[in-house]
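K.L.:
Residue numbers for the sequence shown follow this note's numbering, beginning at 0 and rising by one.
No lab work stands behind these hints: they were computed from the structure.
Here the structure is a predicted model, which means the values were calculated and not measured.
For every residue, glycine included, the Cβ atom is placed at its ideal position computed from N, Cα and C.
Treat the hints with care, since some could be wrong.
[Said to hold, decoys possible] Derived lysine to aspartate or glutamate pairs resembling EDC-like cross-links, with alpha carbons at most 16 Å apart: (1) K76 - E24; (2) K53 - D41; (3) K58 - D71; (4) K11 - D59; (5) K25 - D41.
[To be verified] Simulated DEER-style distance windows between Cβ atoms: (6) K20 - E52: 20 to 28 Å; (7) T91 - S22: 24 to 32 Å; (8) D59 - T91: 32 to 40 Å.
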Amino acid sequence: MGDTNAKNKYFKDIKTLLPIKSSQEKDYLVKLKKNLDEYSYDNPNSTYDDYAEKFGTAKDIVVAYLDNCNEDYLISKLRIRNIFVKAITIITILSVLVSMYFLCILQENYNIAKQEHISDSETTIIEE
């Protein structure tokens, strides 16, 4: 695996594992990316394992970052995220239910219109 791919995969793994993505985490990721770029410049043929050996596994980095964060900050951010996820879930469920309701009304109106449809046809009676 080439250096750029290894570095990008390593960075992406760390970014994926971070449970919170606020400005503080973005700043941390920018600094980490800069450190990875410097290491990549000094060691152009580095592999994913080289990055993990030098900086630690992606999991270790995220755990260390979370250990150094203020507990109140983490609880606050996770609570906000939890509320956001619940709100999005409720809105999605309500949207589906409202859509289903309107589709049922539309189907019912279609069936009524179909039953009441008067067709224009001419009937010719031939008497012999």
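K.L.:
Quick one: which hint numbers does this structure break? Sort them smallest to largest.
P.N.:
Result: hints 3 and 5 break, sorted rising.
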